[in-house]
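Protein chains in written order, with our numbering: chain A, 1 to 276; chain B, 1 to 297; chain C, 1 to 280.
These are calculated hints, taken from the structure and not from any lab test.
On a predicted model such as this, the values are computed, not experimentally measured, just so you know.
Where a beta carbon is used, it is the ideal one built from N, C-alpha and C, also for glycine.
Mixed in with the good hints, there may be bad ones.
[Unchecked claim] Each computed SDA-like pair below joins lysine to any residue, with the alpha-carbon atoms no more than 20 Å apart:
#1 K117/A x L188/B
#2 K119/A x V200/B
#3 K64/A x L275/B
#4 K119/A x T201/B
#5 K117/A x A104/A
#6 K64/A x A189/B
#7 K117/A x S292/B
#8 K119/A x V205/B
#9 K119/A x L85/A
#10 K117/A x L203/B
#11 K64/A x V200/B
#12 K120/A x P133/B
#13 K120/A x R193/B
#14 K18/A x E42/A
#15 K120/A x V205/B
[Claimed, not checked] Sample of chain B residues facing chain C (criterion: CB under 8 Å; computed from the structure):
#16 V96
#17 P142
#18 L149
Here is what each chain is made of, one letter per residue.
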Amino acid sequence: MPATDTTHHRGVRPGMLKVTGLQKIYNGGPAPVEAVRDLTFELAEGELVCLVGPSGCGKTTLLKCIAGLMAPTSGTVELAGEPVLSPPPGMAVVFQEYGRSLFAWMSVRANVELPLKEKKLPRARREELVAESLEAVGLTAFADAYPWQLSGGMQQRVAIARAIAYEPQVLLMDEPFAAVDAQTRADLEDLVRSIWQRLGVTVLFVTHDIDEAVYLGERVLVLSNSPTVVQDDVTVDLPVERDQLTTRQDERFTRLRAHVYAQIQQAKKGTAPTAA
Amino acid sequence: MNRPTVDRPRAAPAAPTEQEAPVARPPRRPAGAARTARPAGALLRTAHVLLLPAVLVGAYWAFTARPDAGFYTPTPDAIAGAFAELWFSERLFVDVLPSLGRLLTGFALAALVGVGLGVLLGLDARVRAIAEPVLEFLRAIPPPVLVPLMIMLAGIDDGMKVAVIVFGCVWPILLNTVEGVRAVDPVLADTARCYGIGGVTRLRVLVLRSASPQIMAGLRLALALAIILMVISEMFASSSGLGFAIVQFQRTFAIPEMWAGMVLLGIIGFVLSSLFELVEGRVLGWYRGLRSAHRGE
Amino acid sequence: MSTAAVPPAPAPRGARRPGARVRTAPNRPVLGSAGVLALLLLWEAVPRLGAVPERHFPPASEVLATLAERAGTTPFWEAVGHTLFGWALGLAIAFAAAVLLGFALGSAPRVRAFTTSTVDFLRPIPSVALIPLAVLMYGTDIRSTLLLVVYACFWLIYIQVLYGVADVDPVAEQTALSYGLGRLARIRHVVWPTTLPYLMTGLRLAASVGLILSITAQLIIGSPGIGQQITAAQQGGAVALVYAWIVATGVLGVVINLGVRALEHRVLRWHTSVRGESAA
């Protein structure tokens, strides 16, 4: 579908997700630890942005603050103009630990439906959403299975189905494919792209994998080492239609990848960020 | 064990690999049910179940049928005769059913209190820290020592017996519930928060369900204790009930009747435990499946 | 504070994130002491204020004074000694029998299949059902106590051993086989370490149940020991003494629990670290 290459999501409304001056200091241990120093960035409506950084750079902390699971020490998070103080109804999260974020005592269908019940959606609408989202991730046949009867990649699909059935404005994904094998990962990456294109949802995708970040994102935010700041904001000028084979061979892809890689290396060394 | 893994299901590779097509595990089947499903034949399976009991009963019978077998070990047919005569009569309603009623009442109350308090303590670290040493002490008291006390306080009525059962059974349930509630997976708890699952739903869908393996383990221990406490509260000082009846038979040297009482107790223990297993199988089917999935079976 | 009879929990996929549980921990020793103090105050105040008759519910100070006074006498320690002796001997017999049988049958699944129905029937039989038989055969002799304790403890440990032997990782077993480890060596290096945590769980459960039955035997049958002392105090109407004995059994129970847990910790220290690693 080359016709869809015209940017149909981007920039409709700026500031769908707005993070301003976010700082997080942990006071639990013997000495306070500053995990995140000063983070400011913005996601426009319908954007797919990847957040990449060296391991241990506070990605998870950041994500928990954005999701409203953890209060930042200072700074604000806004979703569609509303400050996030607790998990907002317009946000869905897909965690890395798929095995632990699914209810093992519920069928796949019940897992997807539960949040919708809590939203007090009428039964017919719930069934419709469950069917659609399971269809979207290709798990219609497994609606009555338990999550632990499925392979890891399929479990993560269930988590994704649950997230999109929730009809969020913003979808947060916390290294969702870090624990699945390489082939599954490629499939799931394409799944995320296709869901994003179809639903027009705003996606913030956290990863430590540079290739994944460049392949998936319309923009890549490179984080520095802890205490974390945004080291670089890279616009990915790849076509909307991407393909595991051709995109990864694209000269632009390799150039972007090298650029992000260099930034991360620098971040690891802790040298002062240089403007790209 | 020459070929030790022969009887086991195939050990699958632990790393979950993705296939688009259905995965080898068929949905909707608790994986724990995969026992010795080999074509061993109905005959072998019958032998598995019946051979040893038949041998044991036969040996006992042969032993007791000898003239010098002694007065305290009546033959199985004598026990069976006494059993039929005793328990298929009004004694069933006078002695057995009230005992069972107290047992179940006490157990149910203990379950209610234990799970309720356990959830409260499990969810609140501060309250737990305050209560922990006290609970450690209270649960370490062997419950039978309360029988004499309860008799002094409450006499020998039903209330005393139920109170003893409740006090004895509540601790394993309470402490296991606390453990289970504390062990709720933080990722799952975060997930629930993200999707707006709170309040009663959170309790019902997240907390109680994920604590259910521990809660069931506590209930199982408590059930065994409840039977013990039912019997000794009746044996110690009582005028009715199964425990009382058995002690009466023993004191009057009504040996076959005493054995019939012991057998009935055994049957009660067995039936209650089987019923419990049935319930547990329903409640924890998912847990067994999860465990065997983790083990890579 | 765990009574869990659940076998060691399945290792969660992926290790727990470090720091995921480090909420600000309350000061447990202080809060715990406060809890104990509050209980004692309540216990003192309720009878003193006349909420319940002192005749039935003497205040804490009176009970503790009675206990302290008794604890200075020989009969007190004799009774404790009797109870502990019955407990320890019964537990030891049950442990030895359960471990031997458990390993033998657990590693011979074909033989074990013939015993399952019998075990499933005998195991839930409450050991107190044996009381009348024990009285007839042994009277107030210690063998009565032993019969009850051994019967109750045996099944608890035996079942755990079976669980443990069944939990042996087939890969580990096959690795051992492929390196030519003999049967005894496999039991020593593969089966035994896997079974150990289960065995300790069984021992922990059996230790507290054994104490219950040791005291029960003395209460009902009248063998010498704490149970018999309590019966005597109750029949003599010495209310404070009954309470004092109950407190004493509670302390005894706590000591036993702590002891078994310390043992478990010691035995499994090496083991849990290995398990934790392999689970990651």
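Going down the list of hints, with the structure as the test:
1. K117/A x L188/B: Given pair K117/A, L188/B holds - Cα atoms ~17 Å apart, limit 20 Å.
2. K119/A x V200/B: Holds. K119/A to V200/B sits at ~14 Å (cutoff 20 Å).
3. K64/A x L275/B: 45 Å, violated
4. K119/A x T201/B: 12 Å, holds
5. K117/A x A104/A: With a Cα-Cα distance of about 18 Å, the restraint between K117/A and A104/A holds, given a limit of 20 Å.
6. K64/A x A189/B: This hinted pair holds, its Cα atoms lying about 13 Å apart.
7. K117/A x S292/B: 30 Å, violated
8. K119/A x V205/B: 15 Å, holds
9. K119/A x L85/A: 19 Å, holds
10. K117/A x L203/B: 15 Å, holds
11. K64/A x V200/B: 24 Å, violated
12. K120/A x P133/B: 43 Å, violated
13. K120/A x R193/B: 16 Å, holds
14. K18/A x E42/A: Given pair K18/A, E42/A holds - Cα atoms ~4 Å apart, limit 20 Å.
15. K120/A x V205/B: 16 Å, holds
16. V96: Hint on V96/B: violated, closest Cβ of chain C at ~14 Å, above 8 Å.
17. P142: Holds, because the Cβ-Cβ distance from P142/B to chain C comes to roughly 4 Å (cut-off 8 Å).
18. L149: 5 Å, holds
Hints 3, 7, 11, 12, 16, counting from the list given before, are not met by this structure.
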